[in-house]
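Here's the letter readout for the chains.
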Amino acid sequence: MLEIRNLDVYYGGLQALSNIELDAGKGQIVSILGANNAGKSTLLKTIAGLLKASSGTIRFDGKKIDHLESHDIVKLGLALVPEGRKIFSSLTVLENLLMGSYTPRARKTKEENLENVFHLFPHLKERVDQTGSNLSGGEQQMLAIGRALMSQPRLIIFDEISLGLSPLVVKMLYDTIKRINQEGMTVILVEQDVKRSLKTADMAYILQEGKVSLRGDPKNFTEKEVKQAYFGL
Amino acid sequence: MLTSLEPLINGILLGGLYAVIGIGLSLIFGIMKQVNLAHGELMILSSYFGLVFLQLSGLHPLLTLLFVFPTLFIFGYLIQAFLFNRVLGKGMEPYLMISFGLSIILQNALLQIFTPDARSLKTSLVIQTLDVYGLFHVPVIYLVDFTGGLLMIALLHLFIKRTYLGRAIRASADDLSASKLMGINIRRMYAFAMGIAAITAAMSGVLVGMTFTFYPHSGTQYLIIAFGVVIIGGMGSLPGTFLGGLILGVSQLVGAQFLGPGFQLLSGYLILLIVLTIRPQGILGKK
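Keeping their order, the protein sequence lines are chains G and S.
Numbers in our numbering are just positions in the first sequence, counted from 1, shifted up by 23.
Numbers in our numbering are just positions in the second sequence, counted from 1, shifted up by 7.
Treat the hints as calculated values from the structure; they're not laboratory data.
For each residue, glycine too, the CB sits at the ideal point set by N, CA and C.
You may find that some hints are simply not true.
What the hints assert, rightly or not - Here are some of the chain G residues that sit facing chain S, going by a computed Cβ distance under 7 angstroms:
1. LEU74
2. LYS75
3. ILE88
4. LEU91
5. SER93
6. LEU99
7. TYR125
8. THR126
9. GLN215
10. PHE244
11. GLU246
Claimed, not checked - Label pairs and their computed distance ranges (CB to CB):
12. S:VAL147 with G:LYS148: 48 to 58 angstroms
13. G:LYS86 with S:PRO123: 19 to 29 angstroms
14. G:SER77 with S:ILE81: 29 to 39 angstroms
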């Protein structure tokens with residue numbers, strides 16, 4: 024579904040990513056891990072079109088997307104739940120979700136999608152008219168995920184969704200992600216929580232200083248391998 | 008009998024006009040965090056367009072809005088799409104420079120085409136007054152200005168609150184990159200927003216053209232009024248801008264009544280200074 028080859032990205036004058044090669048098959052859950060500043064968020068932002076690569080290709084469902092702007096990438100069915108949630112704080116929960124269905128394709132099925140999101144997150148349904156800024160961290164994260172779902176994606180990327188949330192809330196979110204995946208959604212996960220990430224994923228990539236240092240089925244990773252891939256010791 | 012209330016009432020009515028003058032500036036700052044120094048010229052351009060359509064069609068000045076609205080929308084859309092969008096993400100200075108340059112070009116173009124003669128959109132409304140139950144008098148043109156201003160702001164409010172595009176505009180002011188992730192084409196949206204700001208300039212330009220005489224250089228004094236309105240009411244707040252307009256209008260006319268007609272502008276600016284001192288973000292301003 025997603026194919027990245029020879030990706031180089033520069034950020035703030037430094038090379039943030041070097042020669043990245045990554046594959047996410049349809050229906051898979053792919054995990055991307057690494058220490059802070061390893062380049063995980065840079066990679067996600069580049070895939071979603073917020074940053075531009077200096078060389079390399081990104082293909083989504085066979086179509087080249089590396090030269091496209093974010094608003095066109097979303098239209099193709101690739102959604103990003105960004106780091107820090109980035110919900111629209113002055114809009115209500117409902118308006119936030121409606122923003123998710125901004126693209127023409129998503130707008131046609133917005134009633135249906137809204138129902139699905141409320142089904143997944145009944146908590147949000149109760150807070151439909153509350154302003155974004157009044158929500159707790161967990162509720163904001165649910166809203167950010169719901170918003171991404173409203174765009175009717177075929178691939179969703181989750182960037183560090185467990186940050187600042189209680190273990191109970193995180194477990195609920197991950198159960199929801201598994202459910203979404205079981206219904207056919209391809210998922211890419213970036214996480215700080217290594218154990219949970221490796222438990223959930225079909226494929227994992229570990230980044231170190233902008234390069235892929237380990238890839239494969241996480242069930243086969245040894246602790247030593249992971250530590251090495253993370254810190255290069 | 009209640010004629011002493013006239014400066015207050017007229018101030019409120021004039022304030023409605025001032026509010027519409029300010030709303031274009033406030034919109035662009037609220038959405039793009041930019042200050043359009045050519046806003047006054049967009050207004051006066053509208054007054055001159057009104058004049059042209061008036062002479063071409065012989066319609067009532069208010070009806071020329073049917074032509075001036077689309078003309079200004081397209082003009083606003085184009086200057087955003089081809090001028091201002093080139094400096095997106097580069098901070099405030101390039102935008103200020105471009106808008107300042109634009110104002111100079113527009114002023115001088117108007118001077119060239121229309122000569123420095125005083126103009127106005129002649130209508131009998133200017134000399135009519137309304138006798139309100141014999142209690143006080145109100146110039147009809149002020150009523151028209153207030154109604155026009157109120158209508159424009161109400162429509163704008165509805166648009167921002169209820170439509171997808173209005174929501175997108177609010178969303179992009181909250182978080183720009185998240186908006187991109189929703190499928191919003193920011194360049195196109197900004198062009199549309201500028202078109203809307205130009206429509207408000209069209210409204211205020213035609214109303215001003217009917218109420219006062221105008222010259223090619225009149226844009227500057229209205230830009231200053233717009234600044235005053237927005238500073239008093241609060242940048243980026245629609246109800247704040249309306250309030251700011253009312254306060255400025257009332258300050259001017261009540262001040263003129265007590266201190267003398269020469270003090271009209273000064274009274275307004277004194278109130279502006281007071282607001283800046285005790286509440287710099289404006290009465291309904293955020294941050």
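Here's how the hints hold up against the structure:
no., hint, result
1, LEU74, "violated, 10 angstroms"
2, LYS75, "violated, 13 angstroms"
3, ILE88, "violated, 14 angstroms"
4, LEU91, "violated, 11 angstroms"
5, SER93, "holds, 4 angstroms"
6, LEU99, "violated, 10 angstroms"
7, TYR125, "holds, 5 angstroms"
8, THR126, "holds, 4 angstroms"
9, GLN215, "violated, 21 angstroms"
10, PHE244, "violated, 31 angstroms"
11, GLU246, "violated, 36 angstroms"
12, S:VAL147 with G:LYS148: 48 to 58 angstroms, "holds, 52 angstroms"
13, G:LYS86 with S:PRO123: 19 to 29 angstroms, "violated, 59 angstroms"
14, G:SER77 with S:ILE81: 29 to 39 angstroms, "holds, 38 angstroms"
Consistency with the previously given hints fails for numbers 1, 2, 3, 4, 6, 9, 10, 11, 13, ordered from lowest to highest.
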